[in-house]
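Novice: Protein sequence lines, in the order shown, are assigned to chains A and B. Residues 1 to 186, numbered by the working numbering, are exactly what the first sequence covers, in order. Residues 187 to 372, numbered by the working numbering, are exactly what the second sequence covers, in order.
No wet-lab data here; the hints were simulated from the structure. Mixed in with the good hints, there may be bad ones.
The calculated lysine-lysine pairs, modelled on DSSO-like cross-linking and capped at a C-alpha distance of 27 angstroms, are [unchecked claim]:
| hint | chain 1 | residue 1 | chain 2 | residue 2 |
| --- | --- | --- | --- | --- |
| 1 | B | K370 | A | K175 |
| 2 | A | K180 | B | K366 |
| 3 | B | K366 | B | K338 |
| 4 | B | K370 | B | K338 |
| 5 | B | K338 | A | K175 |
| 6 | A | K4 | B | K281 |
| 7 | A | K95 | A | K152 |
| 8 | A | K184 | B | K361 |
| 9 | B | K195 | A | K15 |
| 10 | A | K95 | B | K190 |
| 11 | B | K361 | A | K152 |
| 12 | A | K175 | B | K361 |
| 13 | A | K175 | B | K366 |
| 14 | A | K180 | B | K338 |
| 15 | B | K201 | A | K15 |
| 16 | A | K184 | B | K338 |
| 17 | A | K95 | A | K175 |
Simulated restraints on C-beta separations [stated by the list, open to error]:
| hint | chain 1 | residue 1 | chain 2 | residue 2 | range |
| --- | --- | --- | --- | --- | --- |
| 18 | A | Y131 | B | K370 | 40 to 50 angstroms |
| 19 | B | C319 | A | R147 | 40 to 50 angstroms |
| 20 | A | E154 | B | K338 | 20 to 30 angstroms |
| 21 | B | N289 | A | E136 | 48 to 58 angstroms |
| 22 | B | C319 | A | A40 | 35 to 45 angstroms |
| 23 | B | N227 | A | R34 | 17 to 27 angstroms |
| 24 | A | P82 | B | G269 | 46 to 56 angstroms |
Some residues of chain B that are not near chain A, with every Cβ distance over 10 angstroms (derived) [unchecked claim]:
| hint | residue |
| --- | --- |
| 25 | K195 |
| 26 | H230 |
| 27 | D267 |
| 28 | T274 |
| 29 | K281 |
| 30 | G285 |
| 31 | R290 |
| 32 | D315 |
| 33 | L316 |
| 34 | P318 |
| 35 | L321 |
| 36 | E322 |
| 37 | R333 |
| 38 | S368 |
| 39 | K370 |
Owing to the predicted nature of the structure, the values given are computational and were not obtained by experimental measurement. Here a beta-carbon is modelled for each residue, glycine too, at the ideal position from N, C-alpha and C.
Protein chains: 2
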Amino acid sequence: MTVKPEILKITNTAKSRLFNVEEIELRFSNGAERTYERLANRGHGAVMIIPITENGDVLLIREYAVGIEDYTLTLPKGLIDPGEDEHTAADRELKEEAGFGSNRLHTLKVMTSAPNYMGHAVTAVVAQDLYPCRLEGDEPEEMEVVRWPLDKLEQLVADPDFTEARAIAALYMVKDFLAKQSSKSD
Amino acid sequence: MTVKPEILKITNTAKSRLFNVEEIELRFSNGAERTYERLANRGHGAVMIIPITENGDVLLIREYAVGIEDYTLTLPKGLIDPGEDEHTAADRELKEEAGFGSNRLHTLKVMTSAPNYMGHAVTAVVAQDLYPCRLEGDEPEEMEVVRWPLDKLEQLVADPDFTEARAIAALYMVKDFLAKQSSKSD
Numbered sequence: 001m002t003v004k005p006e007i008l009k010i011t012n013t014a015k016s017r018l019f020n021v022e023e024i025e026l027r028f029s030n031g032a033e034r035t036y037e038r039l040a041n042r043g044h045g046a047v048m049i050i051p052i053t054e055n056g057d058v059l060l061i062r063e064y065a066v067g068i069e070d071y072t073l074t075l076p077k078g079l080i081d082p083g084e085d086e087h088t089a090a091d092r093e094l095k096e097e098a099g100f101g102s103n104r105l106h107t108l109k110v111m112t113s114a115p116n117y118m119g120h121a122v123t124a125v126v127a128q129d130l131y132p133c134r135l136e137g138d139e140p141e142e143m144e145v146v147r148w149p150l151d152k153l154e155q156l157v158a159d160p161d162f163t164e165a166r167a168i169a170a171l172y173m174v175k176d177f178l179a180k181q182s183s184k185s186d
Numbered sequence: 187m188t189v190k191p192e193i194l195k196i197t198n199t200a201k202s203r204l205f206n207v208e209e210i211e212l213r214f215s216n217g218a219e220r221t222y223e224r225l226a227n228r229g230h231g232a233v234m235i236i237p238i239t240e241n242g243d244v245l246l247i248r249e250y251a252v253g254i255e256d257y258t259l260t261l262p263k264g265l266i267d268p269g270e271d272e273h274t275a276a277d278r279e280l281k282e283e284a285g286f287g288s289n290r291l292h293t294l295k296v297m298t299s300a301p302n303y304m305g306h307a308v309t310a311v312v313a314q315d316l317y318p319c320r321l322e323g324d325e326p327e328e329m330e331v332v333r334w335p336l337d338k339l340e341q342l343v344a345d346p347d348f349t350e351a352r353a354i355a356a357l358y359m360v361k362d363f364l365a366k367q368s369s370k371s372d
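Kindly generate the complete structure, drawing on both the sequences and the hints.
Specialist: In structure tokens form, the structure reads like this:
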């Protein structure tokens with residue numbers, strides 16, 4: 001059993017509208033002391049949705065990502081609103097970003113993005129039994145929906161427009177999930 | 187061809203030792219305007235190393251992640267130092283964090299973590315032909331190295347101590363890479 005470092009002090013060092021930076025002084029169990037910075041958690045978590053069509057294609061979206069100043073292929077995702085559970089949030093974001101609702105949602109995995117400097121987690125939710133339904137969100141423009149056959153996942157992973165680690169991980173996990181689901185129904 | 191939004195203005199809104207927050211005013215091609223925040227890029231990028239032993243196991247590390255205030259299973263990783271290329275940085279981090287060097291490095295993929303609010307990218311590098319070699323890094327304590335058979339990847343992905351999306355993505359990609367490598371050598 002590893003003994004966790006002792007947190008000696010937490011200080012807020014910078015704050016903007018979205019981000020809150022904390023400085024943390026730690027003492028490790030061997031006596032070593034370090035001061036780290038991290039982004040403080042906010043909100044109620046986030047969901048990433050893997051929408052799967054009847055014939056086993058995944059619905060990707062192409063959206064503008066200001067961090068890389070370019071359009072990128074990824075999966076629908078968004079913050080969980082106060083009072084929502086993960087599946088309600090997943091269904092709402094899917095309607096806002098891809099124009100589909102889902103009658104069959106299943107949680108795959110809670111993933112972190114960069115646990116060394118932020119606590120942010122996203123829950124990967126597979127969405128099946130889809131039906132057309134669009135909700136107005138706060139998106140500045142309608143997102144392009146790109147249908148991709150899951151048996152061509154390797155080509156997608158090789159595409160330089162598809163880089164988001166959480167989406168890569170989610171699609172591989174969904175392949176395992178669907179293989180298990182189909183072996184159960186055989 | 188999608189026309190990128192026009193960047194109207196970039197303002198620095200908060201700054202700490204590690205983080206630099208920018209506010210960006212954008213006008214999308216349909217005329218919609220939005221103001222977003224993002225973390226500015228810094229440094230020379232980062233590498234994540236997937237060390238593969240002779241018999242096909244992966245070497246994971248268990249390290250303390252202050253963002254989640256807990257120990258986590260992940261892959262060795264770190265920032266690229268000025269003047270280093272990706273493979274030099276990968277080999278150095280592998281020596282510092284896992285106590286191994288590699289004679290055979292191959293770049294798998296450049297991954298982003300959260301392109302909607304940061305540009306940070308990490309290059310996944312597979313390391314083979316390993317030999318014991320430890321370099322002193324700036325780690326506060328020696329990291330535990332955990333050997334995991336890649337054919338039990340599904341059990342690892344189900345482990346709540348293994349959450350980092352970039353590491354999940356990297357291990358699935360390395361499985362594809364090794365399958366191709368072994369089919370070539372047959």
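Novice: All hints, please: hold or fail.
Specialist: Each hint, compared with the structure:
1. The suggested pairing of K370(B) with K175(A) holds, with an alpha-carbon distance near 24 angstroms, which does not exceed 27 angstroms.
2. Only pairs whose Cα atoms come within 27 angstroms are accepted, and K180(A) paired with K366(B) is accepted, the gap being roughly 24 angstroms.
3. Distance check on the hinted pair: K366(B) and K338(B) sit about 18 angstroms apart at the alpha-carbon level, within 27 angstroms; holds.
4. Among the hinted pairs, K370(B) with K338(B) is consistent with the structure: their alpha-carbon atoms are about 23 angstroms apart, no more than 27 angstroms.
5. Simply put, K338(B) and K175(A) have alpha-carbon atoms about 15 angstroms apart, close enough for the 27 angstroms limit, and the pair holds.
6. At most 27 angstroms may separate the alpha-carbon atoms for a hinted pair to count; K4(A) and K281(B) meet this at roughly 24 angstroms.
7. For the proposed pair K95(A) and K152(A), the alpha carbon gap of about 25 angstroms is at most 27 angstroms, so the pair holds.
8. Our distance criterion of 27 angstroms between C-alpha atoms is met by K184(A) and K361(B), whose separation comes to about 24 angstroms.
9. Of the pairs offered as hints, the one joining K195(B) and K15(A) holds, with about 20 angstroms between alpha carbons and a cut-off of 27 angstroms not exceeded.
10. In summary, the hint linking K95(A) to K190(B) is supported, as the alpha carbons are separated by about 24 angstroms, within the 27 angstroms threshold.
11. For the hint linking K361(B) to K152(A), the alpha-carbon distance of about 15 angstroms falls within 27 angstroms, and the restraint holds.
12. In summary, the hint linking K175(A) to K361(B) is supported, as the alpha carbons are separated by about 14 angstroms, within the 27 angstroms threshold.
13. The straight-line distance between the Cα atoms of K175(A) and K366(B) is roughly 19 angstroms, inside the 27 angstroms bound, and the hint therefore holds.
14. With a C-alpha separation of about 15 angstroms, the suggested pair K180(A) and K338(B) falls inside the 27 angstroms cut-off, and the hint holds.
15. A distance of roughly 8 angstroms separates the Cα atoms of K201(B) and K15(A); the hinted pair therefore holds under the 27 angstroms criterion.
16. For the proposed pair K184(A) and K338(B), the alpha carbon gap of about 20 angstroms is at most 27 angstroms, so the pair holds.
17. Of the pairs offered as hints, the one joining K95(A) and K175(A) holds, with about 23 angstroms between alpha carbons and a cut-off of 27 angstroms not exceeded.
18. With their beta carbons about 44 angstroms apart, Y131(A) and K370(B) fall inside the hinted range of 40 to 50 angstroms.
19. Between C319(B) and R147(A) the C-beta distance comes to about 47 angstroms, which sits within the given range of 40 to 50 angstroms.
20. Between E154(A) and K338(B) the beta carbon distance is about 21 angstroms. The supplied range of 20 to 30 angstroms therefore holds.
21. The hinted window of 48 to 58 angstroms between N289(B) and E136(A) holds, with their beta carbons roughly 56 angstroms apart.
22. C319(B) and A40(A) have their C-beta atoms about 38 angstroms apart, which keeps the hinted 35 to 45 angstroms range intact.
23. Taking the beta carbon of each, N227(B) and R34(A) are about 24 angstroms apart, inside 17 to 27 angstroms as hinted.
24. Remark: the range hint 46 to 56 angstroms for P82(A) to G269(B) is upheld by a beta-carbon distance near 48 angstroms.
25. The beta carbon of K195(B) sits about 13 angstroms from the closest Cβ of chain A, which is more than 10 angstroms, so the claim that it is off the interface holds.
26. Non-interface status of H230(B) relative to chain A is upheld: no Cβ of that chain comes within 10 angstroms, the nearest being about 16 angstroms off.
27. The beta carbon of D267(B) sits about 17 angstroms from the closest Cβ of chain A, which is more than 10 angstroms, so the claim that it is off the interface holds.
28. With 10 angstroms as the threshold on Cβ separation, the claim that T274(B) sits away from chain A holds: the shortest Cβ distance comes to roughly 21 angstroms.
29. Every Cβ of chain A is farther than 10 angstroms from the Cβ of K281(B); the closest lies at roughly 19 angstroms, confirming the non-interface assignment.
30. Here G285(B) stays apart from chain A, with its beta-carbon at least about 17 angstroms from theirs, past the 10 angstroms limit.
31. Annotated as non-interface, R290(B) keeps its C-beta farther than 10 angstroms from every C-beta of chain A; the closest such distance is 21 angstroms.
32. At roughly 24 angstroms, the least C-beta separation between D315(B) and chain A is larger than 10 angstroms, which holds for a residue marked as non-interface.
33. Separation of L316(B) from chain A is adequate, the least Cβ-Cβ distance of about 24 angstroms exceeding the 10 angstroms criterion.
34. Every beta carbon of chain A lies more than 10 angstroms from that of P318(B), the smallest distance being close to 22 angstroms; the non-interface claim holds.
35. With a closest Cβ-Cβ approach of about 17 angstroms to chain A, L321(B) is found to remain outside the 10 angstroms limit, as its non-interface label requires.
36. The beta carbon of E322(B) sits about 13 angstroms from the closest Cβ of chain A, which is more than 10 angstroms, so the claim that it is off the interface holds.
37. Distance check on R333(B): its Cβ is at least 17 angstroms (rounded) from any Cβ of chain A, clearing the 10 angstroms threshold; non-interface status holds.
38. The claim that S368(B) lies off the interface holds: its Cβ sits roughly 15 angstroms from the closest Cβ of chain A, which is beyond the 10 angstroms cut-off.
39. Under the 10 angstroms C-beta cut-off, the non-interface status given to K370(B) relative to chain A holds; the minimum distance is some 15 angstroms.
Of the hints listed earlier, there is not a single one the structure fails to meet.
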